[in-house]
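Enquirer: Residues per chain, in single letters:
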Amino acid sequence: MASHSVIDELKKTQILELLDQEKRVDGRALDEPREISIETNAVPKANGSAKVRLGDTEVLCGVKIQPDRPFPDMGDKGIFICTAELLPLSHPSVETGPPQPHVIELARVVDRGIRESHMIDLSQLVIEKGKSVVGVFSDIVVIDYDGNLFDACSYAATAALLTSTTPKWTMVDDKPTIVNGEEIPLPTTTIPVSVTMGKIGNHIIVDPNGDEWDSMDARITITTNSDGNICALQKGGNDGFTQEEVVQCGEISVRVGAKIREKLKEAQQGSR
Amino acid sequence: MGGRDATMVLLDENGIRCDGRKIDETRKIMIKAGVLKNADGSAYIEFGDNKILVGIFGPRDVHPKHMSDTDTGILRVRYHMEPFSVSERKNPAPSRREIEISKVIKEALEPAVILEKFPRTAVDVFIEVFQADGGSRCAALSAASVALADAGIPMRDMVAACASGKVADTIVLDVNNEEDQAGQADMPIGYMPNLKKITLLQLDGILTPEEYKKCVEVGVNGCKIVYELQKKALTDKYFGNGSD
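So the protein sequences, as listed, match chains P and W. The working numbering applies: residue 1 is where the first sequence begins, and numbers increase by one. The working numbering applies: residue 1001 is where the second sequence begins, and numbers increase by one.
Treat the hints with care, since some could be wrong.
[Said to hold, decoys possible] Ranges of calculated distance between the beta carbons of each label pair, as one might list FRET restraints: (1) Lys11/P x Glu1025/W: 38 to 44 Å; (2) Lys1214/W x Asp76/P: 45 to 51 Å; (3) Val179/P x Lys1196/W: 42 to 48 Å; (4) Asp73/P x Ser1087/W: 28 to 34 Å; (5) Asp1236/W x Glu244/P: 26 to 32 Å; (6) Val179/P x Lys1022/W: 34 to 40 Å; (7) Asp73/P x Asp1012/W: 52 to 58 Å; (8) Glu1116/W x Asn180/P: 40 to 46 Å; (9) Lys1214/W x Val179/P: 43 to 49 Å; (10) Val1009/W x Glu182/P: 41 to 47 Å; (11) Lys1196/W x Arg272/P: 32 to 38 Å.
In short, the hints are calculated from the structure, not lab data. Just so it is clear, CB atoms sit at the ideal spot from N, CA and C, and this is done for glycine as well.
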C-alpha cells in the first residue's frame, strides 16, 4: 500500500529518528503488534464470520459454505477460495472497479497462508468423488485502513473459518441435498498466523501502522502453523533483506505468532 | 433471499406478525454516527437483521474529470452487497439490482444536499451491506443521510426511510424479509420530515386506491420514527457525554 498516500517528509524523518532510539511513533516496542480485537459471528447469515480490528485497521470476513464442482484432477478434495476487497469507504484513495495489483496480492497472500498450512481438511469436504464437493468461500472486506492489511485480513479469515459450521450434503437424484440435522464445525487441523514485518532503514518492526507502512523500504509476511513451523512467506517492497534479517524475521514470526494464536483460540472458544 | 415457509402465519388473530411485532411497529433500529477513521463522514445502521455501513468522502476532486459540473458539486452513490450478506453467496460483481438501488438512493438524497456551493467537486456515498434483510434500501438511505450530516455536508433536511406493505390483506409498517417473500405488497419510502417531501418511492405488489393511500400514510409515519433515531445518533456523537 506504499503508493496509497503521500507521507509527510517530517513524519517519515520522525519515524526514522525514533527508530534509531529503538522507539516507535505510537510507543510500541519494535516487535509488538497493535491491540487486536476479534468479534466472531458478526454476520449471522454467513456460515462463519469475524470482524477484526488491528489498531485502527478494521476488516470483516464472511465465510459461505456451499456445494460446488471440484477442480479438475482434484475430485477427492473440497474447494477453498479466499477473496479480498478494499471497500471504497476504507480510504479516500480507494477506487471502485477491477482490483488493483496490491489487492490481488493481499488476497493471494492470505489465501496461501491458510491453504499451505492445511488449516481446512479439504479431504473431508467431498460429497461425491469427482462430481460434487463442498466449497468454502472466504470473502474479506477492508472497512477502515491504517496499515498492515495482510495480518488483519489473515486473522479475520482464520477466526471466521475456526468458527464456521457447515451442513452435510448427500447426493439425491444426482444433486447435492442437505441432510437434515445439526451443522458440524468446519474440519480444521491447525491455526495459521501471519506476522508482517516492515524494514525501515536497518530496523525491523512488527505490524507497521499506516504511517510506518508508507515509510517502509521493504516488508515480509511470514505465516506459521500451530506446531510453530513456517508455512508461507511473502516478501514485498523496493528493498531487500539480508540473510540474517530473514532468519530474524522467521524467529519473530514464530514468537509473536504464538501469542496471536492464543487470541484466535480464545475467539474460537468464545463463540461456542 | 431466504426460504419461503408456506405454513408460516404472517398475521395472527390478535394482529401480531410473524416476528412478534404489531402492524404499526418497526423492527429494532440502531444507528451510530461517525464510526470510521478515514472517511469524512460515516454511519452504521442495524435495522432488523440488516447491517449496513456508509462512508462519505468529499466534497473532493472528481475523477474522471469530465463528470464534474462547473455549476454544482455532484453526488455519487454506490450501494454494494458483500458476497456473504445473503443466504446464497452473491457474486461480488455489481448486479443490476445494486445498480438500480444505487440510483434511487442517489435521487432520494439529492433533494436534501446543498452542493451548489461546491462546484467541480463530488461527494461520494459508499454503502456496504454486510448483512441483508428485507428493506435494506431504506436502511441504507437512512444511514447515508446520517453519514452525510456527519461529514458536514450542508443539507436542507434529513432523509428518513422506512417501508410499508401489505401482508395478509393488512397494511403494515416495515416489511421484513419473510413478509416481503410471502406478502402482497412492499412500498419503500424515503421522506424529508421537515420539508414534508417524499424523495424515494417504489412499490412491488397490488394495492387498491384506499390501500395505496393508507400504505403511504403508514410508511411516512415510519419515516418519522426513523428520523428521531437519526437525530439521536447525531446528537449522541456531537453532544454526547464524552463517551464517544
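Enquirer: A separate judgement is required for each hint: does it hold in the structure or not?
Expert: Structure-based check of each hint:
1. Lys11/P x Glu1025/W: 38 to 44 Å: Violated - the Cβ-Cβ distance for lysine 11/P and glutamate 1025/W, about 52 Å, lies outside 38 to 44 Å.
2. Lys1214/W x Asp76/P: 45 to 51 Å: Between lysine 1214/W and aspartate 76/P, where Cβ atoms are some 60 Å apart, the hint is violated.
3. Val179/P x Lys1196/W: 42 to 48 Å: Since valine 179/P and lysine 1196/W have Cβ atoms about 55 Å apart, the given range 42 to 48 Å is violated.
4. Asp73/P x Ser1087/W: 28 to 34 Å: 31 Å, holds
5. Asp1236/W x Glu244/P: 26 to 32 Å: 53 Å Cβ-Cβ, so the 26 to 32 Å window is violated.
6. Val179/P x Lys1022/W: 34 to 40 Å: 39 Å, holds
7. Asp73/P x Asp1012/W: 52 to 58 Å: Since the Cβ atoms of aspartate 73/P and aspartate 1012/W sit about 56 Å apart, the hinted range of 52 to 58 Å holds.
8. Glu1116/W x Asn180/P: 40 to 46 Å: 60 Å, violated
9. Lys1214/W x Val179/P: 43 to 49 Å: Check passed, 46 Å falls within 43 to 49 Å.
10. Val1009/W x Glu182/P: 41 to 47 Å: 27 Å, violated
11. Lys1196/W x Arg272/P: 32 to 38 Å: Between lysine 1196/W and arginine 272/P, where Cβ atoms are some 51 Å apart, the hint is violated.
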